[in-house]
Amino acid sequence: MKSAPLLQIEGLTVSPVVAPGHLLVNNVSFSLESGKTICIVGESGSGKSLTALSVMGLIPPQLKRQGGKIVFQDQDLTGLTNEQMRDIRGKRIGMIFQEPMTSLNPVLTIGYQIGEPLTVHLGLKGKALKARIANLLEQVGIPANRANAYPDELSGGQRQRVMIAMSIACEPVMLIADEPTTALDVTVQAQILKLLDELKTRMNMGMLFITHDFGVVADIADNVVVMFRGEIAESGAVSQVLKHPQHPYTMALLACVPDVEGKKPLKPIDYAWLNEAAA
Amino acid sequence: MSDYILIARNLTKTYSQASGKLGFGHTEVKALDDVSINLQEGSTLAVVGESGSGKSTLARCLLQLQPLDSGEVLFQGRDLAALSGPELRRERKHLQMIFQDPFASLNPRMKIGEIVGEGLAVHGLGNAGEQRNKVEKMLKRVGMSKADMQRYPHEFSGGQRQRIGIARALVLQPKVVVCDEPVSALDVSIQAQILLLLKELQQEMALSYLFISHDLRVVRHIADEVLVMHQGKVVEQGKVSDVYAAPAQEYTRNLLNSIPGRKAMAA
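Protein chains in written order, with the working numbering: chain H, 2 to 280; chain R, 3 to 269.
Wrong hints could be hidden among the right ones.
[Stated by the list, open to error] Covered stretches of chain R (in silico footprint by chain H; criterion: 3 or more residues with CB under 8 Å from a CB of chain H, positions within the stretch not fixed):
1) 214-220
2) 237-250
3) 254-260
In short, the hints are calculated from the structure, not lab data. These figures come from a predicted structure and were not determined experimentally. From the three backbone atoms N, C-alpha and C, an ideal C-beta is built for every residue, glycine too.
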C-alpha cells in the first residue's frame, strides 16, 4: 500500500481581491512524495511562484485564494490561522529564495541568522545552539569558523549556502526552493544543485523546486509540472515530459531552449498558433 | 589583417581596493591582465566567464568608457585610447552598446521616441524630420510601433524594453555593437526572440558583435568565435564549434560540464 503523499494540492485557485474572475493560478493540482523533487517550470507570470507562496500561506494581501485544498502531512493548510502557519513555516517546511543578498540581513552575522529559527522553533540556546550552527555550516560546505562573518564578506554562492543552512536548520520534511540558483554562475549553480540533491536524499525531504531553466529541471527533478497562464499545461515524470512532451506549450517552450550542441534551430513561441492549438 | 574591424592588444586594467581591518591598506585586483582580441568584420565574438572574470571591464575598456592602464584598441586602424574627446565622440557612433538590464538602462522620464532619437540628435545626424523617420523605421524593424514613440519605458515588458535598447543602439548604424549579457534577464521564450532578432539585424546591417555572456548555451547559438576569461586572463579562445567539441583547458572543460542538463538533454 502506498502511504499518503507529503503534500497534495487540489484545485488551487488564486485571483486578485478586486478581480475575482481573473485567475492567476487556475485549478492547479499535484502531489509530492517524501524524498522526491518536483519542479514547477514556466515563464514569468505563469503562476509558479504564486503556487509556492500559497503553500506557505504567504500570498500578498491584494490576492486571495478562491478555492482548493493544500494538504500537508494529512493537515489542510488552508484552514490554519497565521499563528499556526508560523509554526509550520521554517520548522516543517523550509524555504529558499532567489536573491541571496536581499534575503539575508546585512547587519547580522550569518551564525546569528542560522541560529534564529533554532531558537524560535526548537528553543536551542548557548552551547547546544553554537554546536548546531557549526554543524549546519559544515553540512553546506562552509567552515564553522565563518559563523561570525557578515553576509557582505561572502560570495554569492556562499550566501546561498547560508540560506540553505537556515532552511534546513529545523530538519524540515519539505523544502520549497524558488529559483535558488538563477542568480549564480554556472559552476556555482552546479555545486548548489548537487548540495540540495544530497541534502534531500540524506534527510528524505520532499522538494518543491521552482525554475524557468529546463537544464536545471533535467538535472534535479523526478517529476515536473509545466505551468502556462496560471494553469498546468502538462505534468508527469521528468523523462516523459522532456523527451515526449504532449502539450503544444511544452513543445514550444522546449524549442526555445538553446542546446549545447547548437544543432537545433531556436524557435520562439508562436502565441497565435498556441491559442489555436489550445482551442 | 584588414578584415579585423576591432583589435585590442595587451590590455591591462587594475582596480585598487581598500583592505585590512581599518581600510588603510589596499590590494590590487587585476581585472584585465594582458588581454588581446580580434573581432572579425560581420562576425560575433563571445566573451564568456564567471562573475569577476573581467568580461564587463573588457567591454567598457574597449569602448573607452573606462580608461585603460595600458594597451591599445584599434578600431578600423585608429587607436581609440589616443584620440581626443571630440574625435572619440565622432568614432563613438560606430561603436554602440546594448545593456543587460532592460529596466535600469532606459531613462524612466524620457519617451521611447526621445530615448531612441537621442543619439541622432547628439551626433547631429539629419534634421528633426529625418531623425523622426529614422527612429520610426528602426522601432518598426525591432517589432515596435509608431505609437510607442509617445510612451514611457514603464509601459513595456522586459522583452519590449530590450527591443527598445536594441533600436537605440542600432539607429546610429554602428559598425561594432557590444552586447553585455543582453538576454540574461529574459525568459527563455523572449530570449529566443531577441537572439533571432540580433542575428537578423547582424545580416541586414553588417554588424560585428562582441557578445558578453555567462550562458554557454546562448553563446553556442549566437557566436562564431569564443574567448574564455578567468580572473582577468584569457584562458582559451577559438572557433565556437572547436572549443565546445574539444576544450583545450581544464577551466573551459569544467565550465562546459557545469551547463545544467547537459547529459540529460543531449540524448
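Okay, the hints, checked on the actual structure:
no., hint, result
1, 214-220, "holds (count 5)"
2, 237-250, "holds (count 3)"
3, 254-260, "holds (count 5)"
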